[in-house]
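J.: Sequence:
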Amino acid sequence: MVRTKTCAGIAKSCLISIALLLPLISQAGTFNLGKITQAEGEITYLNFAPPHALKRVKALEAVQTDGSYLTQDNSFMTVELFDGSWLRVSPKSKFTLEYLPSSKTILVHLFSGSAKLLFSAHLNNNEVQKIMVKSADTLFESVDAKFSVVRSPLTDTNSLFVEKGTVMAIQHVFNEKKDMELVHSNETISVKDNQLDIESPRKMSEREIKFLHPSHYLKQTKTSL
Numbered sequence: 077m078v079r080t081k082t083c084a085g086i087a088k089s090c091l092i093s094i095a096l097l098l099p100l101i102s103q104a105g106t107f108n109l110g111k112i113t114q115a116e117g118e119i120t121y122l123n124f125a126p127p128h129a130l131k132r133v134k135a136l137e138a139v140q141t142d143g144s145y146l147t148q149d150n151s152f153m154t155v156e157l158f159d160g161s162w163l164r165v166s167p168k169s170k171f172t173l174e175y176l177p178s179s180k181t182i183l184v185h186l187f188s189g190s191a192k193l194l195f196s197a198h199l200n201n202n203e204v205q206k207i208m209v210k211s212a213d214t215l216f217e218s219v220d221a222k223f224s225v226v227r228s229p230l231t232d233t234n235s236l237f238v239e240k241g242t243v244m245a246i247q248h249v250f251n252e253k254k255d256m257e258l259v260h261s262n263e264t265i266s267v268k269d270n271q272l273d274i275e276s277p278r279k280m281s282e283r284e285i286k287f288l289h290p291s292h293y294l295k296q297t298k299t300s301l
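Going left to right, the sequence shown walks through residues 77 to 301 as this note's numbering numbers them.
A few of these clues could be false.
When the alpha-carbon atoms are kept at most 25 angstroms apart in a straight line, the in silico DSS-like pairs for lysine-lysine are as follows [stated by the list, open to error]:
hint, residue 1, residue 2
1, K111, K134
2, K192, K268
3, K222, K111
4, K170, K268
5, K240, K222
6, K222, K286
7, K180, K111
8, K111, K170
9, K131, K192
10, K222, K170
11, K286, K192
12, K240, K286
13, K168, K131
Label-pair ranges, simulated between beta-carbon atoms [unchecked claim]:
hint, residue 1, residue 2, range
14, P126, L199, 38 to 46 angstroms
15, P177, E284, 32 to 40 angstroms
16, N108, L199, 18 to 26 angstroms
17, L230, E118, 18 to 26 angstroms
18, S179, D149, 31 to 39 angstroms
19, H260, L122, 32 to 40 angstroms
20, E156, N202, 12 to 20 angstroms
21, H260, L199, 14 to 22 angstroms
22, T242, H289, 16 to 24 angstroms
23, A125, R283, 36 to 44 angstroms
24, F187, E275, 20 to 28 angstroms
It should be emphasised that the hints constitute simulated quantities derived from the structure, not laboratory data. Here the structure is a predicted model, which means the values were calculated and not measured. All C-beta atoms in this analysis are idealised placements derived from N, C-alpha and C, irrespective of residue type, glycine included.
Whole structure, please, built from the sequences with the hints as guidance.
T.: Below is the structure:
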């Protein structure tokens, strides 16, 4: 199926995304993004501010935006964000969170591992208008979707799996947009670092759909995301 990569609405959204990428550090600040509802196994949080204290993460703690989280083998965490959306991080994952109040955007920096998100601006009264996951040079952006992003530092690959809704994949090289694709329900896409042209999305296989199910990494729980 041939996809059109250029349209006024998508181009406008991409320009906004590029503008957001540049001032991320300057806009970053401590913000109560929600709370951790599940914290299984060994999970640590490293504060960016001196003395860079490392602490164990427990359930019911507030989610912080001024440090990085790391899940070890056989550990995972689930976060209920302040707008009612959800984030679940699988084992062997490292990530940070930011909130950009000027654009009402939640930003997840995924450095390794995988994260699943359930977000809808239509269900939170536009309290948050957009959620983005930045994985190396690739940005995944949505206003209404259930999707997973996987970052593999070993292969320099960023993969997206969309279960519901639509997610925009945007590739940047040296902060310059090179390509973009819309990924719809039951589709997947993989982008290599420094890849200038994103290949068209394809349908997910049964194996990939099974991989996304919570039972793949959750133990003795009926919780599903």
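J.: Going through the earlier hints one by one, which of them does the structure break, listed in rising order?
T.: none
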